[in-house]
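Student: Kindly generate the complete structure, drawing on both the sequences and the hints.
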Amino acid sequence: MNNDDNYGNNVPQIVAFCCNWCSYAGADAAGTSRLQTKPHFRIIRTMCSSRVEPDLIMEAFRKGAWGVLILGCHPGDCHYKNGNYKTDRRIRLLRKTLAQFGIEPERLRLDWVSASEGARFTRIVDETIEAVQKLGPLNLAVPCEVIHE
Amino acid sequence: MTRIRPNYEDRVSAEKPEETIYERWVGGLLRYIDEEKNMRIGVYVCHCGGNISEVVDVKKVAALMGEQADVTLARDYEHMCSEAGQKIVLDDIAEHNLDRIVIAACSPQFHEKTFRATLVKAGLNPYMLEIANIREQCSWPHFDYPDYATLKAKDLTNIAVAKVRLDEPLGSKAIPIGKRVLVIGGGIAGIQASLDLGDAGFQVYLVEKEPSIGGKMAQLSRTFPTEDCSACILSPKMADVPANSNITMLTNSEVVSINGYVGNFEATIHEKPRYVDVDKCVTCRVCEEKCPVKVPDEFQEGMKNRKAIYVPFDFAVPYRHLIDESVCLRLTKGGEVCGLCQKVCPHDAVDFNQQPRTHEIVVDTIIVATGYDVFDARLKKAYGFGKYENVINGLQMERIISCDAEGKPLRDIGKRIAFIQCVGSRDEQVGNEYCSRICCMYATKLSQLLKRADPSREVYVFYTDLRSFGKGFEEYYKRAQDTGVKFVRGRPAELTEDRKTKKITIKVEDTLSRQMLESEFDLVVLSTGMVPSQGTESISKILRLNKSPDGFLREAHPKFKPVDTLQEGVFVAGTVQGPKDIPDTVAQASAAASRAIRLMNQGELEAEPITAQINEDLCGACGTCVSVCPYDALKLVEKEEKKVAECNEVLCKGCGSCAGACPTGAAQQKHFKTTMIRAMLDAALGVDATPGKEA
Ligand code: FES
Numbered sequence: 094m095n096n097d098d099n100y101g102n103n104v105p106q107i108v109a110f111c112c113n114w115c116s117y118a119g120a121d122a123a124g125t126s127r128l129q130t131k132p133h134f135r136i137i138r139t140m141c142s143s144r145v146e147p148d149l150i151m152e153a154f155r156k157g158a159w160g161v162l163i164l165g166c167h168p169g170d171c172h173y174k175n176g177n178y179k180t181d182r183r184i185r186l187l188r189k190t191l192a193q194f195g196i197e198p199e200r201l202r203l204d205w206v207s208a209s210e211g212a213r214f215t216r217i218v219d220e221t222i223e224a225v226q227k228l229g230p231l232n233l234a235v236p237c238e239v240i241h242e
Numbered sequence: 090m091t092r093i094r095p096n097y098e099d100r101v102s103a104e105k106p107e108e109t110i111y112e113r114w115v116g117g118l119l120r121y122i123d124e125e126k127n128m129r130i131g132v133y134v135c136h137c138g139g140n141i142s143e144v145v146d147v148k149k150v151a152a153l154m155g156e157q158a159d160v161t162l163a164r165d166y167e168h169m170c171s172e173a174g175q176k177i178v179l180d181d182i183a184e185h186n187l188d189r190i191v192i193a194a195c196s197p198q199f200h201e202k203t204f205r206a207t208l209v210k211a212g213l214n215p216y217m218l219e220i221a222n223i224r225e226q227c228s229w230p231h232f233d234y235p236d237y238a239t240l241k242a243k244d245l246t247n248i249a250v251a252k253v254r255l256d257e258p259l260g261s262k263a264i265p266i267g268k269r270v271l272v273i274g275g276g277i278a279g280i281q282a283s284l285d286l287g288d289a290g291f292q293v294y295l296v297e298k299e300p301s302i303g304g305k306m307a308q309l310s311r312t313f314p315t316e317d318c319s320a321c322i323l324s325p326k327m328a329d330v331p332a333n334s335n336i337t338m339l340t341n342s343e344v345v346s347i348n349g350y351v352g353n354f355e356a357t358i359h360e361k362p363r364y365v366d367v368d369k370c371v372t373c374r375v376c377e378e379k380c381p382v383k384v385p386d387e388f389q390e391g392m393k394n395r396k397a398i399y400v401p402f403d404f405a406v407p408y409r410h411l412i413d414e415s416v417c418l419r420l421t422k423g424g425e426v427c428g429l430c431q432k433v434c435p436h437d438a439v440d441f442n443q444q445p446r447t448h449e450i451v452v453d454t455i456i457v458a459t460g461y462d463v464f465d466a467r468l469k470k471a472y473g474f475g476k477y478e479n480v481i482n483g484l485q486m487e488r489i490i491s492c493d494a495e496g497k498p499l500r501d502i503g504k505r506i507a508f509i510q511c512v513g514s515r516d517e518q519v520g521n522e523y524c525s526r527i528c529c530m531y532a533t534k535l536s537q538l539l540k541r542a543d544p545s546r547e548v549y550v551f552y553t554d555l556r557s558f559g560k561g562f563e564e565y566y567k568r569a570q571d572t573g574v575k576f577v578r579g580r581p582a583e584l585t586e587d588r589k590t591k592k593i594t595i596k597v598e599d600t601l602s603r604q605m606l607e608s609e610f611d612l613v614v615l616s617t618g619m620v621p622s623q624g625t626e627s628i629s630k631i632l633r634l635n636k637s638p639d640g641f642l643r644e645a646h647p648k649f650k651p652v653d654t655l656q657e658g659v660f661v662a663g664t665v666q667g668p669k670d671i672p673d674t675v676a677q678a679s680a681a682a683s684r685a686i687r688l689m690n691q692g693e694l695e696a697e698p699i700t701a702q703i704n705e706d707l708c709g710a711c712g713t714c715v716s717v718c719p720y721d722a723l724k725l726v727e728k729e730e731k732k733v734a735e736c737n738e739v740l741c742k743g744c745g746s747c748a749g750a751c752p753t754g755a756a757q758q759k760h761f762k763t764t765m766i767r768a769m770l771d772a773a774l775g776v777d778a779t780p781g782k783e784a
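First to last, the protein sequences are chains A and B. For the record, in the first sequence the residue sitting at position 15 is 108 according to the working numbering, with numbers rising by one throughout. For the record, in the second sequence the residue sitting at position 548 is 637 according to the working numbering, with numbers rising by one throughout.
It should be emphasised that the hints constitute simulated quantities derived from the structure, not laboratory data. Watch out, some of these pointers could steer you wrong.
[As the list claims (entries may be wrong)] The calculated lysine-lysine pairs, modelled on DSS-like cross-linking and capped at a C-alpha distance of 25 Å, are:
hint, chain 1, residue 1, chain 2, residue 2
1, B, 469, B, 592
2, B, 202, B, 596
3, A, 174, B, 262
4, B, 210, B, 176
5, B, 504, B, 393
6, B, 560, B, 648
7, B, 636, B, 305
8, B, 305, B, 393
9, B, 650, B, 560
10, B, 648, A, 174
11, B, 636, B, 326
12, B, 636, A, 174
13, B, 476, B, 393
14, A, 174, B, 393
15, A, 174, B, 504
16, B, 724, B, 762
17, B, 540, B, 504
18, B, 202, B, 176
19, B, 497, B, 305
20, A, 156, B, 762
21, B, 422, B, 504
22, B, 762, A, 174
23, B, 305, A, 174
24, B, 596, B, 476
None of the values given here were measured: they were computed from a predicted structure.
Tutor: Below is the structure:
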């Protein structure tokens, strides 16, 4: 991601993990209905939100993401029965750990978007970008190597 | 913009690797990528007829991509998905020996399949492809920021290139699939599906928990809007079931467990004893006359009695006696008590020693048709159902005016009759928000049948909204009005009973004229709605099927897969999926049968290629993956004196939960390996991850 665009330096960089069945389709729905969002996010598609291990989220922070967004299907709607419940539990734990590394927990957001909720997707992305913009770039209290190992 | 790198020597070996864990490769894996040699990636940026190119500078994106490591060639083109666009890819693969392809275009949900097929045509493995979604994720949501959109398009394409570098060819197992079907539930849905399948030459097991097939439709008087006698149109279909040599009918039986997967479901079925040998019994009914035990008859909705030894109803299939073990004197008390039926039976058919039987069957597909239950109107306390003797429900009314003149329960119904609509439907108080779809029309039917039979009767229908949406329904409603049935818009709050006369008083506000009405009736019929049946509850657990918020089974897609479920090879038919009338139920049952046939006729199925994979060297047999797998695909096994997890690739649906949870990284998800996601992260965050350059 490039920081030196025409819209001011220091634009936030958000990584959004979207599950294939609901939230990725929700992002598509947002695009199809031409809902405008801030562009400072990059979607990485996984089959289910439960694929996203905490390590990958930490890795994103280590590599300079200002914020990480995990989007899954609404509770009860996971294409693989209950993957999103696992994600929910995992992210709750991870959020507690984040503070210990000096990462503001607000930089990590888990939410649910269904395939038809384009507007909801847009709102969540914009909110996250705004929230993270307020926090500014990530200043890690603990050296990256420690986080990674 | 096209940039072509010098053609390196052949990097693609012509043979399939020898050690392959796959029994059969997905088409196209004729060439296998040799890790040692450089890769040759082709990148194609689509204009999408302006949809993309009017915002994103596609030429610039292609130019930038052409400079990336391992990218042999990058082009832009008007319509990549068109014949011509695909031909460009095909020609380039042939000419430039490309081994991986990136298409920057619309969302993968539209053309990932198209381009996978293109790769197969070109002799590449279909999984050596990545799609960068620069339409839904760039040009459309960011047309306010065209420069940034171009930059983001480049980034997204770059992420795809990073991923495609690590992509590995995937193949999958072929699962053989035979022609055996289990149909659960013997109502009209199950009967229709079984007959369709049986006629098409498939082997059907039809399991019904009641002693006869027929379901709720057997109890109805007439069907709306044509007023066919329900028994007359249903009974020939019921008789066709045992007559069909492809159908094995198991009544008085319940499915207790199902294991396995499409092509190999192992079902265990418990058959309760009838205590009557169906081969000897000729249904002479001598036993029934002698039996001293009388209990309320379920078929007559408790308005008549039956004996402990009985035939469920006059057109039951199988038309044979059985003994109700919960009330029979001999079976409840034991010893030599009673036993009259056995003594009088001229054919020696009664057998008190019959034992339950267990059937183990293996089938390829399953159709769930466990129907509905009638809403229990006692839950709606203000209407006094079960307390006031002149308040009955719709199904009881069906029995009272049934076409079976001799068998039907005789009951005085009086001259003033009221129907109350939406009992148990569209009512948040009782927890059912949905509309049951049939009550408006069955009340319209019953009310005009009553009125026509005796025009001196006064028949009222109190409704919330009258929904007559089906073919011929509105005309039928009009006819009821012409007959003289009075439709009043209003939902009565409470019913009161006169202690002496037992008449019921209804107080209601007519919401059209804004007047309070108060009137006395001889009989009040509650138009009770549908609720998910108890059988649905247990089968959804056994088969792990999802339910909608209303408690009915959820279909795979409300528009395009209305009879599929998310469990492959399991289909739904009829009211198990939601309230519906008979024509819709029959249509859905035939649809479910044809969807099942579509699967089974293929002879073999491709299992999901994106499955879990265990690196046995890293696996510490902690069992975490086993506990998170929603499909029981992972197991701990003993291998060469080491315990490791093992993935059953047929059961695995490829969610990646195990990969997300594995503490050592031994469990991986093919096509979404941790290394691949890391590479995408690097590309997304602008870390230079060109192979060999990473710190
Ligand atoms: S598939 Fe969307 S969260 Fe599991």
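Student: Look at each hint and say if it fits the structure.
Tutor: Outcome of the hint check:
Taking the CA atoms of residue 469 of chain B and residue 592 of chain B, the gap is about 19 Å. The hint holds against a cut of 25 Å. As the CA atoms of residue 202 of chain B and residue 596 of chain B are separated by approximately 62 Å, the hinted pair breaks the 25 Å bound. At most 25 Å may separate the alpha-carbon atoms for a hinted pair to count; residue 174 of chain A and residue 262 of chain B meet this at roughly 23 Å. Taken as a hint, the residue 210 of chain B and residue 176 of chain B pair is honoured in the structure, with Cα atoms around 10 Å apart against an allowance of 25 Å.
About 22 Å separates the Cα atoms of residue 504 of chain B and residue 393 of chain B, which keeps this hinted pair within 25 Å; it holds. The hinted pair formed by residue 560 of chain B and residue 648 of chain B meets the criterion: a straight-line CA distance of about 20 Å does not exceed 25 Å. With a CA separation close to 22 Å, the supplied pair residue 636 of chain B and residue 305 of chain B stays within the 25 Å bound. This hinted pair checks out: residue 305 of chain B and residue 393 of chain B have alpha carbons roughly 17 Å apart, not beyond 25 Å.
A threshold of 25 Å between alpha carbons decides the hint, and for residue 650 of chain B with residue 560 of chain B the separation of about 23 Å falls inside it, so the pair holds. Restraint check: the Cα-Cα separation between residue 648 of chain B and residue 174 of chain A comes to about 20 Å, which is no more than 25 Å; the hinted pair holds. Distance hint between residue 636 of chain B and residue 326 of chain B is unfulfilled; the C-alpha atoms sit about 30 Å from each other, more than 25 Å. Restraint check: the Cα-Cα separation between residue 636 of chain B and residue 174 of chain A comes to about 11 Å, which is no more than 25 Å; the hinted pair holds.
Distance check on the hinted pair: residue 476 of chain B and residue 393 of chain B sit about 18 Å apart at the alpha-carbon level, within 25 Å; holds. Restraint check for residue 174 of chain A and residue 393 of chain B: the C-alpha separation of about 45 Å exceeds 25 Å, so the hint is violated. With a C-alpha separation of about 54 Å, the suggested pairing of residue 174 of chain A with residue 504 of chain B is violated against the 25 Å cut-off. Taken as a hint, the residue 724 of chain B and residue 762 of chain B pair is honoured in the structure, with Cα atoms around 20 Å apart against an allowance of 25 Å.
At most 25 Å may separate the alpha-carbon atoms for a hinted pair to count; residue 540 of chain B and residue 504 of chain B meet this at roughly 10 Å. With a C-alpha separation of about 16 Å, the suggested pair residue 202 of chain B and residue 176 of chain B falls inside the 25 Å cut-off, and the hint holds. Taking the CA atoms of residue 497 of chain B and residue 305 of chain B, the gap is near 16 Å; set against the 25 Å cutoff, the hint holds. Our distance criterion of 25 Å between C-alpha atoms is met by residue 156 of chain A and residue 762 of chain B, whose separation comes to about 19 Å.
For the given pair, residue 422 of chain B sits about 46 Å from residue 504 of chain B by alpha-carbon distance, which is inconsistent with the 25 Å threshold. Restraint check for residue 762 of chain B and residue 174 of chain A: satisfied, since their Cα atoms lie roughly 22 Å apart, inside the 25 Å limit. Among the hinted pairs, residue 305 of chain B with residue 174 of chain A is inconsistent with the structure: their alpha-carbon atoms are about 31 Å apart, more than 25 Å. Restraint check for residue 596 of chain B and residue 476 of chain B: the C-alpha separation of about 18 Å stays at or below 25 Å, so the hint holds.
In terms of the numbered hints stated before, the structure departs from hints 2, 11, 14, 15, 21 and 23, listed from lowest to highest.
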